[in-house]
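Each protein sequence line maps, in turn, to chains A and B.
Numbered per the numbering used here, the first sequence finishes at 401, counting up by one with no gaps.
Numbered per the numbering used here, the second sequence finishes at 83, counting up by one with no gaps.
Keep in mind the hints are simulated off the structure, nothing from the lab.
This one's a predicted model, so the numbers in the text were calculated from it and none came from an experiment.
The reader is advised that the hints may include incorrect statements.
[Claimed, not checked] If the Cβ cut is set under 10 angstroms, some of the chain A residues that face chain B in the computed set are:
{"no.": "1", "residue": "S51"}
{"no.": "2", "residue": "K53"}
{"no.": "3", "residue": "E54"}
{"no.": "4", "residue": "R55"}
{"no.": "5", "residue": "R113"}
{"no.": "6", "residue": "G116"}
{"no.": "7", "residue": "S117"}
{"no.": "8", "residue": "L118"}
{"no.": "9", "residue": "S119"}
{"no.": "10", "residue": "P120"}
{"no.": "11", "residue": "L121"}
{"no.": "12", "residue": "R369"}
Each residue gets a CB set at the ideal place from its N, CA and C atoms; glycine is no exception.
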Amino acid sequence: MSRRVAITGVGAVTPLGVGADALIDRWCAGDVGIVDGVAACAGFDPADHLSVKERRRADRFTQLALVAAREAITDAGWDPGLPCAGERVGCIIGTGVGGIGTIEDQHDVLRDRGPGSLSPLAVPLMMANAASGVVAMRHGLKGECYGTVSACAAGAHAIGAGLRLVRHGVVDACLVGGAEAAITPLAGASFVGMGATSASGVSRPFDRRRDGFVLGEGAGALALEPEGPARRRGARILGWLDGYAATADAHHLTAPEPAGDGSARAIAAAIADAGWMPAEIDYVNAHGTSTPLNDRSETIALKRALGDAAAAAPVSSAKSAIGHLLGAAGAVEAVATVLAFERGVIPPTLGYEEPDPELDLDYVPRVPRRLARNGRAPRAISNSFGFGGHNAVICIEGAGR
Amino acid sequence: MASTTLTPEAVEARVGAALIEFGADPGAISPAATWEELDIDSLDLVELAQMIEDDYGVELRESDIEQLETVADAVAAVIERAG
Chain A
1 MSRRVAITGV GAVTPLGVGA DALIDRWCAG DVGIVDGVAA CAGFDPADHL SVKERRRADR
61 FTQLALVAAR EAITDAGWDP GLPCAGERVG CIIGTGVGGI GTIEDQHDVL RDRGPGSLSP
121 LAVPLMMANA ASGVVAMRHG LKGECYGTVS ACAAGAHAIG AGLRLVRHGV VDACLVGGAE
181 AAITPLAGAS FVGMGATSAS GVSRPFDRRR DGFVLGEGAG ALALEPEGPA RRRGARILGW
241 LDGYAATADA HHLTAPEPAG DGSARAIAAA IADAGWMPAE IDYVNAHGTS TPLNDRSETI
301 ALKRALGDAA AAAPVSSAKS AIGHLLGAAG AVEAVATVLA FERGVIPPTL GYEEPDPELD
361 LDYVPRVPRR LARNGRAPRA ISNSFGFGGH NAVICIEGAG R
Chain B
1 MASTTLTPEA VEARVGAALI EFGADPGAIS PAATWEELDI DSLDLVELAQ MIEDDYGVEL
61 RESDIEQLET VADAVAAVIE RAG
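So here's chain B without its partners, still in its complex pose (with noise of 0.2 angstroms):
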C-alpha cells in the first residue's frame, strides 16, 4: 500500500497502464484525454479507483469517481488525496 512513487509523471504512467490494460486506444491516452473518448466507462472506473486504493492507499468513492472526466483528473485527485 502507498509505497509508488508519487510524482504525477509516475501516477500518470501508472494509470495510462490501467487504460491500456482496460483496452483503451494507447495511441489516444493523454492527460486531456476524457473517459468518453478512450472508450472508458463506469466499470472500468471502478476498476481504476481499485487500483488507486491498491498502489497509492487513496480511496476514492463514487462520488469523487463521478467527478473525474480526464486522465489529468484522476493524476491530480490521487496526487491530491495520497499527499
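Chain A with its partners taken away, still in its complex shape (with noise of 0.2 angstroms):
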C-alpha cells in the first residue's frame, strides 16, 4: 500500500510565540526570538494551558509539546472525535535531551537530601519517549507511539516515521512533531564548553560573522493522513508531506561531513521518494544553523544534490528568527515550511548582510518574497541535521491556490 500523505493541521510552541501563526506572521515580519543569546519561549506560560496535574506530570519539554499537539490537533478537526478509531492514530514526537531540567533537579536533590527524596516523577518527565507518550494519552492515540532522538534531525526523523506509517497504511493517522526544553544551567553549559553556541549570541547563518548557534526551546507538532480518507471527510488540506529520506555521515561524532556526502545523499533521496525533479524546488527551508561548519556543508550538499538547481532555489532558515530547537527544530521548521506556501510567501533569513564568499546560494537576506506562481503547487525541501551524523530530509508540497 502507498498513499499520498496529507498535512491537515499544524501547531507550534516558539520564541517567537505560541502557536503556529506567530511563528510564520513574525519571522516573516523580521521579528527575532532571541534575547541575550538564548531563545527561550517567554510568552509560554504553562499555567495557560495546562492543568495542575498535567504540568506536575510533564517536564517542560513535554509541556511545550502538549500544547503544540493540542494545537494540531484542533486544527485538524480532531477534536472533538477523531478521524478513525484512536488504535488506528499513531504518535511520533522527537527530542534531542529529553527530559532534562528534571534530571539536573533531581540531581540536586539526590545530592543535597539523598536518594529517599528523589519524586516519583523523576522518570516518568525525565524519560525522552514522555512526550509521544503523554500526548498520546491525552488525545488518546493507541497506534505506534514512540520517541525519536537524534539530537537536531529528531524532530525531521518523527515526521519521516509518521509518513511512512501513514504512506503505507500501519496507522490511518498521525501526530508528528519534536519538541525540546534544554535552556538549563547543564545543557546550556555543555553546548557552550563544546564550542557549538556563538558567542556573539546572534543567529545569522550562512552570513559571514556567523559564529555558532543560538540555543532554542519549543515544539512543532503535525496531523497527518492518508490522501483519500481526508478528503471523504472534507478535512482543510493545508499541504503534502511527499518525500523522506535520511542517512549517516559515518564521519564525526559532531561535525559534518565537510563535502556534504551524507547531508546530500538524504536531500537526493529524499527528492527521489517524492518523485520530483531538482529543478522543481521551488524553496529549501534549510537547518541553517549559524555554525561556521553547518552552513558551509549544508551549502555544498545543496549543489551535489540539486546541481544547476542550486542556484535559483531560495534558501533560508528559520534559526535566523528562533534560534536551534534542536531536537524540535525539524518539527517547526516543517510547520513554517507548510504556512509560508499557505501564505504565498519564502520567508527570510534574517540578519544575513554580510555574504560569505564560500558560501554563494541566494539566502533571501532578511525580507521574505512572494511566492511565484508557475502553474503548479510550490514544492520545498526542509533539512534537518544532528549531531551523530544524523541527516533527515522531508519534501512539503504546497496545498496549491
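With the hints in hand, could you dock these two chains into one complex?
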C-alpha cells in the first residue's frame, strides 16, 4: 500500500510565541525571538494551557509538546472526534535531550537530600519518550507511538517515521512532531563548552560573521492523514508530505562531513522519494544553524544534490528568527514551511548582511518574497542534521491555491 | 523533622494541601474521599509518603500505603505511627 499523505493540522510553540501563526508571521515580519543570546519561549506560561496535574506530570519539553500537539489536533479537526479509531492513530515525537531540566533538578535533590527524597515522577518526566506517551494519553492516540532521538534531526525523523506509517497503511492518521526544553544550566554550559553556540549571541545563518548557534526551545506538531480519507471527511488540506529520506555521515561525533556527502545523499533520496526533479524545488528550508561548519557543508550538499538547480532555489533558515530548537527544530521548521506556502511567501534569512565568499546560494536576505506562481503547487525540502551524523530531509508540497 | 502539630485537623489540612498540589480538585477533598475519586494514583501516594516522612518523621512503607484508601486513612496512619 502507498498512499499520499496530507498535512491537515499544524501547531507550534516557539520563541516567537504560542501558536503556529506567530511563528510564520513574526518570522516574515523580521522579528527575532532571541534575548541575551538565548531563544526561550518567554511567552509560554504552562499554567495558561495545562491543568495542575498535567503540569506536574510533564517536564517542560513535554509541556511544550502538549500545547503544540493540541493546536495541531484542533487545527486538523481531530477534537472532538479523531478521524478514525484511536487504535489507528500513531504518535511520533522527537527530542534531542528529553527531560534534562528534570534530571538536573533531581540531581540536586539526590546530592542535597539523598536518594529517598527523589521524586517518583523523576523517571516518567525525564524519559525522552515522555512527550509522545503523554500526548498519546491526552488525546487517546493508541496506534504506534514512540519518540525519536537523533539530536537536531529528531523532529524530522519523527515526521519521516509518521509519513511511512501513514503512507503504508500501518496507521490511518498520525500526530508527529518534536519538542525541546534544554535551556538549563547543564545543557547550556555544555553547548558553550563544546564551542557550538554563538559567542556573539546572534544567529545569522550563512553570513560571513556567523559564530555558532543560539540555543532555543519549543515544540512543533503536524497532523498527518492519507489523502483519500482526508478528502472524504472534508478536511482542510494545508499541504502534502511527499517525500522523506535519512542517512548517516558516519564521519565524526559532531562535525558534518565537510563535502556534505551524507546530507547530499539524504536530499537526493528525499527528492527521489517524492518523485520530484531538482529544478522543481521552489524553496529550501535549510538546517542553517549559523555554525561555521554546518552552513558551509549544507551549501555544498545542496549543490551536490540539486546540481545547477541549486543556484535558483531560495534558501532560508528559521534559526535566524528562533535560534536552534534542537530536537524540535525539524518539526517547527516543517510547520513554518507549510504555512509559508499557505501564505504564498518565501520566508527570509534574518540578519544576513555580509555574504561569505564561499557560500554563494540565494539565502533570501532579511525580507520575505512573494512565492512565484508557476502553474503548479509549490515544493520545498526541509533539512535537519544532527550531532552524531544524522541527516533527515522531508519534502513538502503546498496545497496549491 | 516531626515538628509539625499532630492534631487530626492539622494533619488533615497538611494532607489536603499536598493533594491540591498534586492536582486534586479542592472541592472534592474530604476525609471520606477516596484516591480514585480525587484522581490520586500510586505516583502521587509515593510523594505523599515522602511529605509525611519529611513533616512528621513517619515512614510509610509501600505496603502501608497500599492499605490506605481515603484521606481519613492517611491521616489516621500518621497520627497512629507518630503517636
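Each hint tested on the structure:
1. S51: Holds, because the Cβ-Cβ distance from S51/A to chain B comes to roughly 6 angstroms (cut-off 10 angstroms).
2. K53: holds (3 angstroms)
3. E54: Holds - the Cβ of E54/A comes within 10 angstroms of chain B, reaching about 8 angstroms at its closest.
4. R55: With a closest approach of 8 angstroms, the R55/A hint holds.
5. R113: holds (9 angstroms)
6. G116: holds (8 angstroms)
7. S117: Holds: closest Cβ of chain B sits about 6 angstroms from S117/A, inside 10 angstroms.
8. L118: Status holds, d = 9 angstroms.
9. S119: Hint on S119/A: holds, closest Cβ of chain B at ~7 angstroms, below 10 angstroms.
10. P120: Constraint on P120/A satisfied, holds at 4 angstroms.
11. L121: Where the cut-off is 10 angstroms and the nearest Cβ of chain B is about 6 angstroms from L121/A, the hint holds.
12. R369: Constraint on R369/A not satisfied, violated at 48 angstroms.
The structure is inconsistent with hint 12 alone, although it conforms to all the rest.
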